[in-house]
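Protein chains: 2
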Amino acid sequence: MDEFEKLLNQRAKIVDAALDFYLPRESDYPEKIHRAMRYSALAGGKRLRPVMVMESAKLFGLPFEKVLPTACGIEMIHTYSLIHDDLPVMDNDDYRRGKPTCHKVFGDAVALLAGDALLTHAFSVISKNSRIDGISPLAVIEVIERVACEAGSKGMVGGQTVDIETTGMSIDKETLLYIDRHKTGCLICASLWAGARLAEASKQDLNVINKYGEKIGLIFQIVDDILDIKGDEKLLGKPIGSDAKNKKNTFPSLLGFQESLEMLECLCKEAKGLISEFDGSDFFMNLVDYLKSRRY
Amino acid sequence: MDEFEKLLNQRAKIVDAALDFYLPRESDYPEKIHRAMRYSALAGGKRLRPVMVMESAKLFGLPFEKVLPTACGIEMIHTYSLIHDDLPVMDNDDYRRGKPTCHKVFGDAVALLAGDALLTHAFSVISKNSRIDGISPLAVIEVIERVACEAGSKGMVGGQTVDIETTGMSIDKETLLYIDRHKTGCLICASLWAGARLAEASKQDLNVINKYGEKIGLIFQIVDDILDIKGDEKLLGKPIGSDAKNKKNTFPSLLGFQESLEMLECLCKEAKGLISEFDGSDFFMNLVDYLKSRRY
Chain Y
99 MDEFEKLLNQ
109 RAKIVDAALD
119 FYLPRESDYP
129 EKIHRAMRYS
139 ALAGGKRLRP
149 VMVMESAKLF
159 GLPFEKVLPT
169 ACGIEMIHTY
179 SLIHDDLPVM
189 DNDDYRRGKP
199 TCHKVFGDAV
209 ALLAGDALLT
219 HAFSVISKNS
229 RIDGISPLAV
239 IEVIERVACE
249 AGSKGMVGGQ
259 TVDIETTGMS
269 IDKETLLYID
279 RHKTGCLICA
289 SLWAGARLAE
299 ASKQDLNVIN
309 KYGEKIGLIF
319 QIVDDILDIK
329 GDEKLLGKPI
339 GSDAKNKKNT
349 FPSLLGFQES
359 LEMLECLCKE
369 AKGLISEFDG
379 SDFFMNLVDY
389 LKSRRY
Chain C
99 MDEFEKLLNQ
109 RAKIVDAALD
119 FYLPRESDYP
129 EKIHRAMRYS
139 ALAGGKRLRP
149 VMVMESAKLF
159 GLPFEKVLPT
169 ACGIEMIHTY
179 SLIHDDLPVM
189 DNDDYRRGKP
199 TCHKVFGDAV
209 ALLAGDALLT
219 HAFSVISKNS
229 RIDGISPLAV
239 IEVIERVACE
249 AGSKGMVGGQ
259 TVDIETTGMS
269 IDKETLLYID
279 RHKTGCLICA
289 SLWAGARLAE
299 ASKQDLNVIN
309 KYGEKIGLIF
319 QIVDDILDIK
329 GDEKLLGKPI
339 GSDAKNKKNT
349 FPSLLGFQES
359 LEMLECLCKE
369 AKGLISEFDG
379 SDFFMNLVDY
389 LKSRRY
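As they're listed, the protein sequences go chains Y and C.
Just so we're on the same page, this note's numbering is the position in the first sequence counted from 1, plus 98.
Just so we're on the same page, this note's numbering is the position in the second sequence counted from 1, plus 98.
Isolated chain Y, as found in the complex (with noise of 0.2 Å):
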């Protein structure tokens, strides 16, 4: 493991240990909507999004700790999209994260409802963090409002339904970048976007690191997609081929395999491009290298 993904792991175990702490006890009644909430959203992963949150508000000059309510708020979002995808009536996966997704141990009623209770006390965390000190509450409002937004039916949702609609259709590139930049983007763009605009970073600085997000949100996608043909199940931790077994349009597939790697390349020079004209970005100009050659 290299000095990146042992720093990745140090920034995921604070994540980790903040979550459990925002999220409610298992044992407050109604007990097992609290154990589906906990099931999923203590599950693992890498925690890209919470740790973007933080290194944002970081290059920017706040100390991360100052924005761990925030970025919960927003991994428990991200939770909530994976277990409502999972259900039958969408995507219908079992496995998640190497263990049976939340329908397939609580039931399809309580992992609906585990998901709107995290959406939920998602919001409830992020304006937790107007009680941190140096935090300006008309800056917790703009978050909550930028997260709803890009979380909505014009961002993250309105990706998953296009992405619904047209699983098994033939689709043009445009279509395909509307559901990645949507799907995955938005909720991205939105974490690195929450951690400079808490750190009070100018509206300059807030478009740049806008953009940023965009590339990196298409660069996790074609990757994503990548390993969903060629990756290691162990590593992954849920059967490759879903993409094909449910239809799915991805890059490799409306592309191929050649132009997406092109694409990714593409991508990559430009979101480093981006980034560099910070000092201290080292962290964000390291997290291409590693979302590129990620295999998990």
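It is possible that part of the hints are untrue.
The list treats identical chains as one, so a pair stands whether inside a single copy or across any two.
[As the list claims (entries may be wrong)] Derived lysine-lysine pairs resembling DSSO-like cross-links, with alpha carbons at most 30 Å apart: (1) K301 x K197; (2) K390 x K367; (3) K343 x K202; (4) K390 x K343; (5) K156 x K111; (6) K202 x K345; (7) K164 x K252; (8) K345 x K111; (9) K202 x K346; (10) K144 x K252; (11) K309 x K130; (12) K130 x K345.
None of these hints come from the bench; they were simulated from the model.
Position chain C relative to chain Y; hints supplied.
Positioned in the frame of chain Y, the structure of chain C alone reads:
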């Protein structure tokens, strides 16, 4: 129609217009999710929760127009809960407010996503209340935290969880009270609290308003249970007898008709006693009588 119902209808029309404004357009891409969101959110209904937000603000000296974003956000949360509740994995209901339910028109997957999107959008809309002159950002953050809490796993979703888990089982009165206080009561309490908090009501007044909300929530639910047995299908816009069909525990099924009516009478007296201490509480006094004698 009496004077109070006329007033309620006037207020409901203001809510309808504000909802129309704060919801995404049908023509916004992806159209299908926006059609589904608007189909359910603009299907009519009494708009009791948003009107409670507005009247509660007014009671404490704030013009009700100033809390319309919060009022609309809470109604969107109510609508999402109905969409998810009607899904086949939950209550599997075909009709709501006289129209086919969301999933009957748009399919299960889009209905699930439309619910998710409405819940998410609600927090974006509530956050916009901070842009209205005279509203403090801290009050808006506290409202977001409270609404998320009352709508979440220890509030509304908690009530739905226990409801689903105990359907068809024999439960005690305490469990029935838990279900109804949470499934219905919590969002009603949050509505009253939100209006008062945005109007900068004192802690003591917020407590009284909260206790009144708890009574109102139970009154609403007991009458709901009675209407499902003795109501008029045409007025209700849905078939009666669905509680019995779905083996739901209700006040009449658990306590009998007579004791349910006595409990209702007692709650109405207590609610009026609480709210009568405020000057200008006519609306909330009349609301008790209205909820007690409503036929739909």
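Checked hints:
no.: 1; hint: K301 x K197; result: neither (42 Å within a copy, 46 Å between copies)
no.: 2; hint: K390 x K367; result: within (11 Å within a copy, 67 Å between copies)
no.: 3; hint: K343 x K202; result: both (19 Å within a copy, 27 Å between copies)
no.: 4; hint: K390 x K343; result: within (24 Å within a copy, 55 Å between copies)
no.: 5; hint: K156 x K111; result: within (17 Å within a copy, 48 Å between copies)
no.: 6; hint: K202 x K345; result: both (22 Å within a copy, 25 Å between copies)
no.: 7; hint: K164 x K252; result: both (29 Å within a copy, 26 Å between copies)
no.: 8; hint: K345 x K111; result: neither (36 Å within a copy, 45 Å between copies)
no.: 9; hint: K202 x K346; result: both (22 Å within a copy, 25 Å between copies)
no.: 10; hint: K144 x K252; result: both (26 Å within a copy, 28 Å between copies)
no.: 11; hint: K309 x K130; result: between (41 Å within a copy, 28 Å between copies)
no.: 12; hint: K130 x K345; result: between (34 Å within a copy, 21 Å between copies)
Checked against the numbered hints above, the structure violates hints 1 and 8; every other hint is satisfied.
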